[in-house]
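> What follows is the residue order along each chain.
Number of protein chains: 2
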Amino acid sequence: MKVAQKHCRTIWPDARCKFVQIIDQTKLPFAFEIVRVQSLEQMVHAISTMQVRGAPLIGVAAAYGMALAMLEDESDAYLAQVAELLIASRPTAVNLAWAVGRMVAALQAMPHTRRNFTAWRLAANIAEEDVAQNQAIGQHGFELIKSMYQNQLIKDRPFNILTHCNAGWLATVDFGTALAPIYAAHDAGIKVHVWVGETRPRNQGAFLTAWELAQHGVPHTVITDNAGGHLMQQGLVDMVIVGADRVTANGDVCNKIGTYLKALAAFDNIVSNQRIPFYAAVPSPTIDWALTSGKDIKIEERNGDEVSSIQGLDKGGKLQTVRVIPLESSAANPAFDVTPARLVSGIITEKGVFAPQNLHECK
Amino acid sequence: MKVAQKHCRTIWPDARCKFVQIIDQTKLPFAFEIVRVQSLEQMVHAISTMQVRGAPLIGVAAAYGMALAMLEDESDAYLAQVAELLIASRPTAVNLAWAVGRMVAALQAMPHTRRNFTAWRLAANIAEEDVAQNQAIGQHGFELIKSMYQNQLIKDRPFNILTHCNAGWLATVDFGTALAPIYAAHDAGIKVHVWVGETRPRNQGAFLTAWELAQHGVPHTVITDNAGGHLMQQGLVDMVIVGADRVTANGDVCNKIGTYLKALAAFDNIVSNQRIPFYAAVPSPTIDWALTSGKDIKIEERNGDEVSSIQGLDKGGKLQTVRVIPLESSAANPAFDVTPARLVSGIITEKGVFAPQNLHECK
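Residue numbers (the numbering used here), protein chains in the order written: chain V, 2 to 364; chain Z, 2 to 364.
Bound-form chain V, shown alone (with noise of 0.2 Å):
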């Protein structure tokens, strides 16, 4: 998407194929930087920094780690040696680990002269397969959109969507999940607003929803997480878009702590004579089949130091970590929940959008 008028993604190499560059997620939204990632150690390092960040953006990003490495050993205990340590760089990300044994298991198959050509070309279509995943989401919900804001009991307002988190082209190599029906809305003509909840505690929905709707000139503002129960009494949201980590077989979706309060509050007002509608938006293989429902989830408990303190700008135009509970108290982390199916409209996913009971079909 836009970045100061000009197309960007998040990861893109060189014309030769000699290194990446990745936009420095970390400096967001206060400094738009791109760095130059030149070898394997530094993709680790990117990775395990966060400076790329986003399921399916960390994949990417080892995909493009794997061919950096192949520019320095094409063996065959190299390339064993690369994928754990990729995978170890961010262990629970389960797209690298997806993207790493793909890229084993086609290299190994490969003459070792010819590994280094085929990294590269494997990484760069596993780049642009999250690219048209996500367009034909984007696509899906733009006609959901599309069809909520021409049946609108009140014209000429803008239609207000409710997001929470990142699920933007940040997280992804472009487009993104969540955003990208609202980025083909907008790109449309349809005069979309978006309420962009801060999100505590990593503050993702502040931090960079907000950023990417700003620079790609998408009206939004942002709002506490305790704010967004009150707009949906008052008639200010008209739908719901979230991310999720995990959807399980039953449509339950487990997604950054605090969706499931969003979406009681959705089922529980009205709009356009409706349930305000309460969709999320994933690739199909986020849907976990092998689970039957979100309570076999476990949850993420992170440390509380992310509850306890929180990184702004100071007044002197630098990043600062400050604390904001008392030094006497500690602090809880869950990092996700779980929305029932029974709160959820529909997965948006590129293959189409299913209600929960429906969702086989996109098997």
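Keep in mind that the hints were calculated from the coordinates and are not lab data.
Be aware that a few hints might be false.
Heads up, the list lumps identical chains together, so a pair's fine if it works in one copy or across two of them.
Unchecked claim - Simulated pairs of lysine-lysine, DSBU-like, Cα-Cα distance not exceeding 30 Å:
| # | residue 1 | residue 2 |
| --- | --- | --- |
| 1 | K19 | K319 |
| 2 | K156 | K296 |
| 3 | K319 | K3 |
| 4 | K316 | K299 |
| 5 | K299 | K19 |
| 6 | K156 | K299 |
| 7 | K364 | K296 |
| 8 | K3 | K147 |
| 9 | K192 | K296 |
| 10 | K3 | K19 |
| 11 | K364 | K319 |
| 12 | K28 | K316 |
| 13 | K364 | K19 |
Using the hints, position chain Z against chain V.
Relative to chain V, chain Z alone:
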């Protein structure tokens, strides 16, 4: 309640009625500072800069402000001038206007020479009435907790209460409203544990509620506002108690933004074979009998700067304000929301506990 093992109130006069002492709440939770307020001017400053805050406490502070003024000048003209000045120090605070009105009425009926003496006595009475009211709220709420604690399906585990914002002793002279039952239960030996929602944007939960619970020795854990629903799904919340800025005749509860989301989640989840009970604790004058429904309440929209910036302690131990949304984005900041009576188990008042449909019995 206790601060560092010693009993403390938020405001108290010196024994010779020459000055008043307050806790400077703008310094909490990172510093505990007592400020000596020696003149009307200083009290106006303390109220307007929120060194004292919380509706009941502001009322008492204003009453002591009048007492300080009577040390200076007991004339009719000055009395009127002082009243105007105090009321303007926090224009929207209903308790402030009420306390000032009560002081003025009593003092006007006195000969000038007795006004100084009367003012100090009356201010002390208003303070004691607040304390007695909160103790009664605490006692009624304690009975609720005790009976739920005894009926818990799983014995020998802490009784988990979730609260939002600060309706503790810091908002009153002592004991608080929502926290009064918790202190009573803790002091009576019930093993309570409090989930403290940080309460963005102003973080009164993380800053004030956590601090006062820590000082009194009540086990507690700070969470993001996003986490409450998930904890309820996990069976980790036995009861929700919040304060309220206003309760309408039908039992709708207007309280800090985000309260409605917690009430929805409580209603959606089961603990010990019932929906998680959701209570608001308020002095009965907080019930606005003139309003039949919360829909009639106009919600204050506060400055977006409260969302876009946050204050905390930097690594050098200094308070810093940092920006937490992009420079290109703006924020909306509705300050309160309305929890419909259908989600409210009861209103805890100094007169007893009333289900919303029986609230008229409290009149």
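> Which constraints among the numbered hints does this structure fail? Numbers only, ascending.
Per hint list: 1, 4, 5, 11, 13 violated.
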